[in-house]
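Order-wise, the sequence lines are chains A and B. Last residue of the first sequence? That's 253 in the numbering used here, and every number before it is there in order. Last residue of the second sequence? That's 282 in the numbering used here, and every number before it is there in order.
Read the hints as simulated data drawn from the structure, not as lab findings. Note that the structure is a prediction, hence the values are computed from the model and not measured. Just so you know, not all the hints are guaranteed correct.
Claimed, not checked - Beta-carbon label-pair distances, calculated as ranges:
id: 1; chain 1: A; residue 1: Gly178; chain 2: B; residue 2: Glu100; range: 50 to 56 angstroms
id: 2; chain 1: A; residue 1: Glu98; chain 2: B; residue 2: Arg107; range: 26 to 32 angstroms
id: 3; chain 1: A; residue 1: Glu224; chain 2: B; residue 2: Arg107; range: 49 to 55 angstroms
id: 4; chain 1: A; residue 1: Glu203; chain 2: B; residue 2: Gln242; range: 31 to 37 angstroms
id: 5; chain 1: B; residue 1: Gln242; chain 2: A; residue 2: Arg182; range: 49 to 55 angstroms
id: 6; chain 1: B; residue 1: Tyr15; chain 2: A; residue 2: Val191; range: 26 to 32 angstroms
id: 7; chain 1: A; residue 1: Gly13; chain 2: B; residue 2: Glu100; range: 33 to 39 angstroms
id: 8; chain 1: A; residue 1: Glu203; chain 2: B; residue 2: Ser60; range: 39 to 45 angstroms
In this text, a Cβ means the ideal position worked out from N, Cα and C, and glycines have one as well.
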Amino acid sequence: MSILEGLKFYAGDTAIHKLDPRVKFLVSMLMLLMVVMYTEAWILVTLMVVQAAMAYAAKVVRRWLKTIKGSIPLAVLVFGLNAIFFITTGTHATLQEVLYHSATLAYRLVLFLSSFSIFFLTTTPEEIGLTLTSWRIPYPYTFAFISAIRFTPIIAQELRDIMDAQRSRGIELDKGGPLQRAKKLVPILVPLLANALRRAYELAEAMEVKCFGATKNRTSLRELKMRSRDYAALLVSLTLFSLAMYSRLFLL
Amino acid sequence: MIKFDSVTYVYPTGARALSDVSVEVGKGELVALMGENGAGKTTFIKHLNGLLKPTSGRVYVDGKDTRTLSVAQLSRIVGVVFQNAEDMFFLPTVEEEVAFSLRNLGFSEDVVQKRIDWALKFMELEVYKKRSPFLLSGGEKKRLALAIILAWNPQVIAMDEPTVGQDSMQKEKLKEMIKQLSLQGRTVIISTHDVEFVAELRPRVILMSRGKIVADGDADTILTDGELLRSCSILMPQVAATMSRLTDLGFNAKVISVEEAVRSIVKRLMEIEHTRRA
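When you get a sec, could you build the whole thing from the sequences and use the hints?
This is how it looks when you write it as structure tokens:
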């Protein structure tokens, strides 16, 4: 569940929070490209250090670490699957190489998730909506996306409540073999789905009451505007990225 | 029956929900946990069947430390009904919903049938036996949740906010059922901020605020202490507020239920009439 915590927005007043969401998104995308481009361990470690510095500047280190912690099971899975793949296909000669390459791939996944975690932790759902609108994505789709982000923590809480209610009826969720455990998911998932459907209907009604979609040309109270600090951040990140590209293509 | 020994509970987020709480609830007692939102009532209830284990201190249920028992084992002694009844429902019929818990707890099939019949009858739901739980009304859903728990006959029944979203008639029904359960010798603990409901039940009241117990005593004393109640964001029951304004005329101020108020007013009026004639 901690991986979801890392995708929830928390209000803050730091330089990172104030940055234009489009710039923040671009920085996350550049990070992603770097992660895809490089497999060298020292560069990946440097990227993590840069992210840590950003998380520190945004005062979200604890929540950012939670995302990393939450992504570990996924990383272990990626590591295992790659190791099996490398061994069975004989891609790498030595076991040391297999382990090294599997570990880098798993680590890249963690880096990717943690980079987007900083974006989500410091950007309000409204800002994400504005960003998507500025890219001319139709508002109904934007709204659906924002609602999904907004309702994730609520659904996570509901899941906990349902688990509590069912455990109080004598269901032992963590006992039994894999098949028995899978069966025990039914009492959890049915109420969760029923609640989600009910909430969807309620949301639809609330939106209709507020005349959602009544006018074709939507205006927004706040509009995104690039300021000098946004241009500065953009310049710095693009320069660093260009340097990295240059070294990748011509030096390494 | 239940003993909280210096219980502190801190959620993983760092929020301290219970702070050094010590209290005992005896067998067969009827207790209302009262307090504002976030006072720690639900956290208290979740400690009763081991859903939460204390960060420090101990909770004993029937003499056993809750840390040593699983939720399933504790649930046989303490049945907890949560605020949102729908969180429980996943089977096609009311009957199967009750049977599910009984089978989980290992009851034999003939006992399961008897218990279903008894619980649904007690909760006045027998006509809905074959209906989907999702098609019941709000009040009926709540009663079904209670029937599910009552079916295995736990010694302690804890209800979290049982009156939320209930109309007056449903509340009246619920009140009568709680009274009956109490008369049958079961320990009943309800968490609520519905003063009018508590005033009619007249239980022992444990008043909580910010994770601490601020008062513990009979309903007549606590629900007539306006200042104490206000400090916990609770208002006096209407009857008590009315009677407290009539003290100058010699009316008894420590009255919380309608019946008692009527009796007290009639008595006082007769006294006045008697003195006037004399």
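So, going through the hints one by one against the coordinates:
At roughly 24 angstroms, the beta carbons of Gly178 (chain A) and Glu100 (chain B) sit outside the given window of 50 to 56 angstroms. Checked against the hint of 26 to 32 angstroms, the C-beta distance between Glu98 (chain A) and Arg107 (chain B) comes to roughly 54 angstroms, which is inconsistent with it. For Glu224 (chain A) and Arg107 (chain B), the hinted distance range of 49 to 55 angstroms is not satisfied, since their beta carbons lie about 59 angstroms from each other. At about 32 angstroms, the CB distance of Glu203 (chain A) to Gln242 (chain B) agrees with the hint of 31 to 37 angstroms.
As the Cβ distance of Gln242 (chain B) to Arg182 (chain A) is approximately 51 angstroms, the hint placing it in 49 to 55 angstroms holds. In this structure the supplied range 26 to 32 angstroms holds for Tyr15 (chain B) paired with Val191 (chain A), their Cβ-Cβ distance being about 27 angstroms. At about 49 angstroms, the beta-carbon gap between Gly13 (chain A) and Glu100 (chain B) misses the expected band of 33 to 39 angstroms. Distance hint check: the CB atoms of Glu203 (chain A) and Ser60 (chain B) are about 40 angstroms apart, consistent with the given range 39 to 45 angstroms.
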